[in-house]
Amino acid sequence: MAQLIVAVREACADALALLLPVWCAGCDEPDVALCERCALALQPEPRCRVVDAPGGGVAVWSGLAFEGVAARVLRAIKEEGRTGLATALAPALAAALDRAGAAGCVLVPMPTSRAAYRRRGFRVPELLLRRAHRRGRRLLRIARRTDDQRGLDRDARRRNVAGSLVATFAAAAPPVAGTLRGASANVRPAAGLQVVVVDDVVTTGASLAEAVRALRAEGVDVVAAVTLTATPGRGGTRG
0 MAQLIVAVRE ACADALALLL PVWCAGCDEP DVALCERCAL ALQPEPRCRV VDAPGGGVAV
60 WSGLAFEGVA ARVLRAIKEE GRTGLATALA PALAAALDRA GAAGCVLVPM PTSRAAYRRR
120 GFRVPELLLR RAHRRGRRLL RIARRTDDQR GLDRDARRRN VAGSLVATFA AAAPPVAGTL
180 RGASANVRPA AGLQVVVVDD VVTTGASLAE AVRALRAEGV DVVAAVTLTA TPGRGGTRG
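According to numbering that gives the first Met the number 0, the stretch in the sequence shown is residues 0 to 238, in order.
Misleading hints may appear alongside valid ones.
[Claimed, not checked] No more than 25 Å apart at the CA atoms, straight line, and that leaves these computed lysine to aspartate or glutamate pairs for DMTMM-like:
| hint | residue 1 | residue 2 |
| --- | --- | --- |
| 1 | LYS77 | GLU66 |
| 2 | LYS77 | GLU35 |
| 3 | LYS77 | GLU28 |
| 4 | LYS77 | ASP30 |
| 5 | LYS77 | ASP27 |
| 6 | LYS77 | GLU44 |
[Stated by the list, open to error] Label-pair restraints from in silico Cβ distances:
| hint | residue 1 | residue 2 | range |
| --- | --- | --- | --- |
| 7 | GLY162 | TYR116 | 19 to 25 Å |
| 8 | ASP51 | TYR116 | 28 to 34 Å |
| 9 | ARG36 | ASP97 | 35 to 41 Å |
| 10 | ALA190 | LEU39 | 40 to 46 Å |
| 11 | ALA155 | ARG74 | 32 to 38 Å |
| 12 | GLU66 | HIS132 | 22 to 28 Å |
| 13 | ASP220 | ARG118 | 33 to 39 Å |
What the hints contain is simulated information worked out from the structure, not anything from laboratory work. Ideal Cβ positions, reconstructed from N, Cα and C, are used throughout, including at glycine.
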C-alpha cells in the first residue's frame with residue numbers, strides 16, 4: 000500500500016507539471032522541462048573517491064559532479080518537487096552502481112528525516128533508485144536528530160552525525176534456528192550480507208561514513224557506497 004501511495008503521489012506531481020508553466024531545470028529555457036543541451040550534460044561521468052569509515056575506508060562511486068546542470072536539476076527535484084526530472088538522472092546513478100559492483104548486493108538508501116519527507120512528500124534516494132529500475136531496502140533508520148550540515152567543516156559534520164543512524168533489521172530479525180536459549184541475542188542475523196549504500200550527493204562523506212558504521216556494527220559487508228553526484232574538488236578520480 001505504501002508503494003502504491005508513493006507511485007500515485009509521483010504520478011500526480013508529474014501530471015501537474017504538464018499543466019503548469021514549465022522551464023528547463025538546467026538553463027531556464029521556457030516550455031521544456033529539460034532541454035536537449037542540458038540533457039546531454041547529464042551523460043554519466045563516473046568518478047570514485049574513498050571515504051574514511053570505522054572498520055576501513057569505503058569506495059564511493061558517483062555518476063556526476065555536483066555542479067552546473069546536474070546540481071540545478073537535482074535541486075529542482077529536492078526543492079521544487081519536480082520528480083519527473085529524476086528519469087534524466089537515472090542513467091548516471093545506474094552507471095555508478097555498475098562501477099561499484101552493486102550487482103547481487105542489497106541497495107540500502109540513506110534514510111530521510113521526517114521533516115524532509117513532510118516537506119517534499121518523497122525520499123530522494125529511493126526516488127532515484129526507482130527511476131533507475133532498482134529496488135532498495137530500508138535497512139537504516141535515524142536514531143536521533145542532527146543539525147543542518149551546511150556550513151559545517153569536515154570534523155564538525157562527523158561529530159554532528161556520529162551515532163545518528165542504526166541498522167533496522169537486527170532487532171526485528173527472528174531467532175536463528177538451533178541456537179541455545181539466551182544465546183540468540185549474540186547472533187548477528189545480517190552478518191555477511193553484502194550491501195551498497197545509496198544517496199543523492201556526497202560532500203565530505205560524513206553521512207555515508209556513519210551509515211557504513213551502523214551497518215558494519217551488525218556484521219554487514221559494505222561493498223561500496225554510490226551517490227548520484229559528488230561535490231567537486233574532494234579528491235575523487237574518474238574511472
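Is the Cα-Cα distance between LYS77 and GLU28 25 Å or less?
holds, 20 Å
Holds or violated: are the alpha carbons of LYS77 and GLU66 at most 25 Å from each other?
holds, 15 Å
Evaluate the given range 33 to 39 Å for the C-beta pair formed by ASP220 and ARG118.
holds, 34 Å
Taking 25 Å as the top limit, are the C-alpha atoms of LYS77 and GLU44 close enough?
holds, 22 Å
So the hint says 19 to 25 Å: do the beta-carbon atoms of GLY162 and TYR116 match that?
The hint (19 to 25 Å, Cβ to Cβ) holds, given that GLY162 and TYR116 are roughly 21 Å apart.
Quickly compare the C-alpha distance for LYS77 and ASP27 to 25 Å and report which way the hint goes.
holds, 17 Å
Under the criterion that the straight-line Cα-Cα distance not exceed 25 Å, is the pair LYS77, ASP30 satisfied?
holds, 21 Å
Go ahead and decide if the range 28 to 34 Å is satisfied by the Cβ distance of ASP51 to TYR116.
Taking Cβ atoms as reference, ASP51 and TYR116 lie about 29 Å apart, which means the hint holds.
For the pair supplied as a hint, LYS77 and GLU35, is the alpha-carbon distance within the 25 Å limit?
holds, 22 Å
Are ARG36 and ASP97 spaced within 35 to 41 Å by their CB atoms?
violated, 26 Å
Falls inside 32 to 38 Å, the C-beta gap from ALA155 to ARG74?
The hint (32 to 38 Å, Cβ to Cβ) is violated, given that ALA155 and ARG74 are roughly 23 Å apart.
Within 22 to 28 Å: is that where the Cβ-Cβ distance between GLU66 and HIS132 falls?
Taking Cβ atoms as reference, GLU66 and HIS132 lie about 26 Å apart, which means the hint holds.
In terms of the numbered hints stated before, the structure departs from hints 9, 11, listed from lowest to highest.
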